[in-house]
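Please put together the full structure from these sequences, using the hints given.
Okay, here's what each chain looks like letter by letter:
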Amino acid sequence: MTHIFRQGDVDFSVGYKVQTTWGFQEGLTFVLEGLGATLFFVALLAGHLVGMALGVVVLGASGVLLMMHLGRPKNMIYVMANFRHSWMSRGAVLIPTFIGLGALVVVADLAGAPLTGGVRIAALVVFLLLTLFTAMKSGLVLSTFPAIAFWNGGLLPVIFGLSGLSAGVAIFGAFDDFVTALWSWVGPALTAALLVTLAIHLITMRNAGRAAKVSMGLIGARHALPFYGGAVGVGLALPLVLGIYAAIVPGEATTWLWIVIAVARLAGDILLRDVLLKVGVFDKVR
Amino acid sequence: MQSEKIEKQGDTLTSTPTVCLGCYNSCGVKVQSVNGKVVDVIGDKEAVNSRGYICAKGRARFLDLYDPERVLYPLKRGNPEKGIGVDPQWQRISWEEAFDVIIPKLKAVREKDPRGLVISHFDLPAYGISNAFGAAFGTNNMTWNRADYCGAAPHWVHLITNASFNGEIDFKECKYILLWGTQLGHLAETIPLLSADEMAEARRKGAKLVVIDPFCTNTAAKADEWVPIKPGTDGAMALAMANIMINDLGLYDRDFLARRTNAVYLVKADGHFMRDAATGKPMVWDGAASAPGPFDAVDPGNAALAGTFEVDGETCRTAFTALADHLRQFDAAWAEKITTVPAAIMRRLAEEFATAARIGATVEIDGQTLPFRPAAVHFKRGSGAHKGGALSSFAVHMLNILVGNLDVPGGQRGVNPLGPFWQPDVDDDGMIIVAQHIAKYFKPYPARKATPPESLDLHELLPVSLFTRGLYPLGIDNPEKFGLPYKPEVLLIGRTNPMMNSHNAEAMGETLKKFDLQVSFATFIDETAEFADIILPDAHDFERWDLFPANDPYAFIAPGPGQWYWHMRQPSLEGPGETRAWTEVYIDIMERLGLIEEFNHAGAATWKISEKHQLDPGKRHAVKDIAERQAKTLIGDDFTFDDVARTSCLITRDKTIEEAFPGAFVAGRLPIYLEFLIDAGKDLAGVVKEMGLEWDLRPYQPLVTYIPCLEHEHAEDGYDLLIVNFKLPFMNQSVSQQNIWLDEIGRANPYTYNVMMHPSAAARKGLKDGDRVLVESHHGKDEGTLKVTEIVHPECLGIPGMLGHWARNLHVAAKKGTSFNTLLPPPSIDRIDTLSGQVDTCARVRVTKLS
Amino acid sequence: MAKYGMIIDLQKCIGCNACTVACKVEHNTPNDIHYTQVLEYESGEFPNASRTFLPTLCNHCENPPCVPVCPTKASYVREDGIVLIDHDRCIGCGACILACPYDQRTKVEDERTVFPDGLTAFMNNAHAAPPKGVATKCDFCYHRVDRGDVPACVETCPTRARIFGAWNEGETPLREHLAGHNPQGLLPEKGTEPNVVYID
Ligand SMILES: Nc1nc2c(c(=O)[nH]1)N[C@H]1C(S)=C(S)[C@@H](COP(=O)(O)OP(=O)(O)OC[C@H]3O[C@@H](n4cnc5c(=O)[nH]c(N)nc54)[C@H](O)[C@@H]3O)O[C@H]1N2
Ligand SMILES: Nc1nc2c(c(=O)[nH]1)N[C@H]1C(S)=C(S)[C@@H](COP(=O)(O)OP(=O)(O)OC[C@H]3O[C@@H](n4cnc5c(=O)[nH]c(N)nc54)[C@H](O)[C@@H]3O)O[C@H]1N2
Ligand code: SF4
Ligand code: SF4
Ligand code: SF4
Ligand code: SF4
Ligand code: SF4
Ligand SMILES: [Mo]
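Protein chains in written order, with the working numbering: chain A, 1 to 286; chain B, 1 to 851; chain C, 1 to 200.
Since the hints were made in silico from the structure, they are not lab data. This one's a predicted model, so the numbers in the text were calculated from it and none came from an experiment. Beta carbons: idealized from backbone N, C-alpha and C, even for Gly. Treat the hints with caution; some may be incorrect.
Dumping the calculated DSS-like pairs for lysine-lysine here, alpha-carbon to alpha-carbon at most 30 Å [claimed, not checked]:
no.	chain 1	residue 1	chain 2	residue 2
1	B	K205	B	K172
2	B	K76	B	K112
3	A	K284	B	K816
4	C	K132	B	K816
5	B	K112	A	K284
6	C	K3	A	K284
7	B	K781	B	K815
Computed footprint of chain C on chain A; a stretch qualifies when at least three of its residues, placed anywhere within it, have a C-beta under 8 Å from a C-beta of chain C [what the hints assert, rightly or not]:
no.	stretch
8	3 to 12
9	66 to 74
10	82 to 92
11	137 to 148
12	269 to 283
With beta-carbon atoms standing in for the labels, derived distance ranges [claimed, not checked]:
no.	chain 1	residue 1	chain 2	residue 2	range
13	C	G148	B	T362	41 to 49 Å
14	B	A645	C	G170	29 to 37 Å
15	B	A763	A	I77	55 to 63 Å
16	C	N63	B	R808	51 to 59 Å
17	B	A333	A	A224	52 to 60 Å
18	B	T362	C	G191	51 to 59 Å
19	C	G180	B	D11	45 to 53 Å
20	A	A224	B	S828	35 to 43 Å
21	C	N63	A	T204	23 to 31 Å
What follows is the structure, encoded as structure tokens:
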């Protein structure tokens, strides 16, 4: 019988500890980061002003949520001052930069001066890079923690990145059913990639040491329903199937279908991050 | 930079050296304060008994000074109803109003029968005050305190053998250490900081540690071998081991037995010694002359240790042969059934121990050749607090006696039997008699005459006991039954919590209710103070003076080689509110009763003040004043308080080799044959018969035997686990759970606020780790949280410490852990060890899941 | 430059928790926050069962994962190897808490140090307590080390189970205490290279 403690429990027993430092709120922050950035980028690509504005707002909301989780937000200045020090500080500079630039684009568009020509191309490149970074950042942060074996792998940034990107694309699809054949395959492709990466991650984690095994155990037991039912079933398999369906038979793709896909992906994104955070387990020290 | 950790600008740190009273052990500490506020307590590096170390309890306890629940003013009970859970409705009163209640009642009691006053404190350095108070007042009921479940039985054994109150081990030299129901060297028992250091060093250097204990305590956790035993059966195991050593292995110290014990004395068929007609002295068999002779007329080298001889037409055996014959009935197979310890383990331990003792080895110290016996057993509460406690403890100690390790290098030792102004006596039988300064209370040997009781502790019916404080409830509840010509009326009580430390709380509550007036001296309103009529706010020991020295040599000066050192307790701050040290209040009461002269006179008998510094008989002297005179007597006329400004520890001189290793020097013999119990038992039998009392006379026999506990037998009623209790290194009795730092550790440590059950028992009962359970004995019940673990005897339920508070004001402590004591019944004759007065702690419980 | 470390002698430690309290007093750590913990684990089956006491504290790792993840550089390593947190810089993001494999860092959610009713008689103490919102941990008693003393837990330990010093300097360099032992840091596979090592 493995007794698993919670980090912060007042218990001087040697044992595995489930981390409690980052929870639902932090997970949601990560969701909003990936979602906002992707939404903005895709909307920029599609020239969709409302989408861009929404992307900026969502990204801004992630910042607010982040500040709410900090113990001493007034010291944020030190984070900025150490831009290159850690993934978090990089994020703390790049995400506000994203928000600032994004807002500028939105304002310019509102003012009747949408980006065009070379500037637009340059902006797309810059925002593509920023989006990829923002979507992956939380995964990058987690993957640098040697303490938690389940996170400490190269695939976590990819999983988090893909999850954000696919959720963003799905949501955008809900209010602008852009139906070019190519586009309709992007969503399912991202989702499928995520599913595959996730599967590889879980398989490798089965042999990544005792703490990772405990994490896997938690996924299989305590979090089985939200993970397999929610994050994987509703959040990945369902949108994947519906997305493929919509791509194959574009005529059948109603707005409602897009909304179902979007909601499922959003729920999937939230649940996936939440479960992955909640199964972060510290190894026994001895 | 990280947050600054500097003294605030302009603040200075004041350091007051004093003596900790966190437990009785009197470690030297320094109380650190800034601007009159205590901020820390650290160890005093110059204190010989603690060397700058300090335990968790000692370091944390300054919090108690500022606990918001501390009692700051005298209080009067508003609600006449007393009971557990009843709100006493305290009302603040003035000291004068308090005295207006107390003084007239005391006057009335004193006029009627002063023995109606009962005094109860567990405050060792201040007994000098309460005893003088009691003597001046005229009561003999002045020592109701802890002993119920403390060390009455082990003390009894040390008193008649080591001529000391306490026992210990020479950890510096010992190579085979057997801790038998004690946590010596692991932050319990005596001189804990020193012994923890030396014990740890011994382990490091390869000494073997064996711990015999039903629970894998902190101590057993450190053992090379933990030997779990069924509680209360220690006597059986020890007797079997002694049997193996004598009759199977022949491993014992012949020379020691012949010189230092009564093993060579000749025993007649009636059990008495064969005595010399002319001198009345016990006879021995002179092997060289092939003739008997008085023990002191025969060279011990020639005295026969074993054998049967004809003397004056009577067949006699030596006491040793009597013992050897007697022990044959206690074979290992028999003991295995009783103790659950495999016979093979007993055999191995006996052989390992006797071999490790290196019988015959010597060591050269200061030009003297001394026996060297690097193996020793220590025993205390665990093996002692049972029905046959004294004899079981004696049986365990027999292992020491057999290898002759008493008070010699490497061995077991008494705590300072010999000192600068005391030494043991020797009686006509050649037996050792402890010095009164070390005995402190009654001496078990020679036996007193049994008489119908005059005292509520009934000690008159336990003529070889040292004290019988556990029996107070028996006397208070049944004065008529014991023919006591008076009734208890007033209780002065403080720094002891019988509601939690003894037996079932409901029963103890009824006992407390017998008093017309209960005055509690209190720092906190604990479970006992909740029954008080008047509460007086007491000073913390950091706020008071005490008699000098605050460390009595009978327990709190390290035995063995070293120095004589004496500690001064001195206040480091003023008490808050209207608090006053209870000792000063006692002197106030004496003054108000017009008894100062009697008080000073009674005190003079025990305070050891030289002629030159005598008190003014008719004058009221403060405790500090008395302490100063005591210090001048002991240290020298030139003593001033400046001498204790840097450290509270005053060193007088090095111990002599005789003081360090008295075993090789003192003359008196110790008993392996308890002849004196025959007559004591006969005498007692007459008295109890006359009184029509049921009494247990089984232990009154000369050869040590095994007496099982009442609740050993497994009745098929579901009460199938024996409870076992042990101290926690970071908790002091029932005191420290209100301390938030210690409570934090208690909550974090897995073996503190839980009750421990073996997986096999849990499976049988369908219980699992973390379950809330009801623990019921036939006498009481409490709730608990279950921890299922391999580290407890399968037939036991481990209940740690003295926990499970319920007093209304102890917010931090309340409801934490499970009360062991409330599961025990009040003392009754079938649960009392009638030699020592120790009360049995064995009880069976049933554990069921709470929904 | 001296490099500090600690050796913990598990053979000597008796689990008395004197160190735990000493550290609390020294640092005014808030309720339920301990910079050192005397952990325990059980082994074996009755009657061959036992408990082991395992005092833990920040390992002042040679290669501390808590430092590079800190976005503010509040977590840093002193020249002498002591890993510290500058409470004035810390934003309380928790990254270092998740990075430490030993669960040695705690976020201060409630900075009160003593009684739950808000009476903080000890806040006005000789030492400052960590403020609310920051991450905090054992600081190797650098304030004591700087004035030539050993850490509070070391000074208090009645069995001398904790030995503090510079690995290669001083009267008896710490390294010398390791002779004849097989010192082990916790979780060596994490690559942190702890400066707190254990001997059995
Ligand atoms: N930390 C701390 N130190 C203290 C105190 C304290 O409260 N806390 N109190 C002081 C006082 S007043 C005293 S008297 C001493 C007492 O010091 P000790 O007597 O050494 O301490 P205990 O833990 O009471 O020892 C009892 C041991 O016996 C075991 N035991 C219980 N029943 C049996 C049994 O039937 N057979 C055997 N073989 N073992 C059994 C228990 O599990 C426990 O380990 O400690 C003193 N020092
Ligand atoms: N379960 C269990 N029971 C035991 C023991 C055990 O180990 N476990 N041990 C037994 C032994 S060995 C002993 S000696 C007894 C001890 O039992 P007690 O004599 O009851 O000793 P404590 O529990 O120390 O009780 C001290 C009481 O005094 C109060 N107090 C503390 N400091 C002060 C002060 O400065 N002034 C005043 N006026 N009051 C103060 C505290 O609030 C506490 O209620 O218990 C025995 N009973
Ligand atoms: S052992 Fe007892 S007297 Fe010594 S410091 Fe600890 S609590 Fe105080
Ligand atoms: S003070 Fe020493 S012996 Fe006690 S728990 Fe801490 S390290 Fe172990
Ligand atoms: S033990 Fe943890 S907090 Fe300490 S230096 Fe190592 S990683 Fe950092
Ligand atoms: S909590 Fe503070 S010390 Fe830790 S990583 Fe964040 S800013 Fe750095
Ligand atoms: S070194 Fe100082 S801060 Fe670290 S555990 Fe020891 S006492 Fe606490
Ligand atoms: Mo005791």
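Hints versus structure:
1. K205(B) - K172(B): Roughly 10 Å separates the two Cα atoms, so the pair holds.
2. K76(B) - K112(B): holds, 25 Å
3. K284(A) - K816(B): Measuring from Cα to Cα gives roughly 28 Å; hence the hint holds.
4. K132(C) - K816(B): holds, 28 Å
5. K112(B) - K284(A): violated, 70 Å
6. K3(C) - K284(A): holds, 27 Å
7. K781(B) - K815(B): It holds: about 13 Å lies between the C-alpha atoms, which stays within 30 Å.
8. 3 to 12: It holds: at least three residues are needed, and the stretch 3 to 12 of chain A offers 4 whose Cβ sits within less than 8 Å of chain C.
9. 66 to 74: holds (count 5)
10. 82 to 92: Coverage by chain C holds here, the residue count being 7 at a Cβ distance below 8 Å.
11. 137 to 148: holds (count 7)
12. 269 to 283: Answer holds; 3 residues pass the 8 Å Cβ test.
13. G148(C) - T362(B): 41 to 49 Å: Holds: the Cβ-Cβ distance is about 45 Å, inside 41 to 49 Å.
14. A645(B) - G170(C): 29 to 37 Å: holds, 32 Å
15. A763(B) - I77(A): 55 to 63 Å: holds, 59 Å
16. N63(C) - R808(B): 51 to 59 Å: At 54 Å between Cβs, range holds.
17. A333(B) - A224(A): 52 to 60 Å: holds, 55 Å
18. T362(B) - G191(C): 51 to 59 Å: Between T362(B) and G191(C), where Cβ atoms are some 56 Å apart, the hint holds.
19. G180(C) - D11(B): 45 to 53 Å: holds, 46 Å
20. A224(A) - S828(B): 35 to 43 Å: Check failed, 58 Å falls outside 35 to 43 Å.
21. N63(C) - T204(A): 23 to 31 Å: holds, 24 Å
Checked against the numbered hints above, the structure violates hints 5, 20; every other hint is satisfied.
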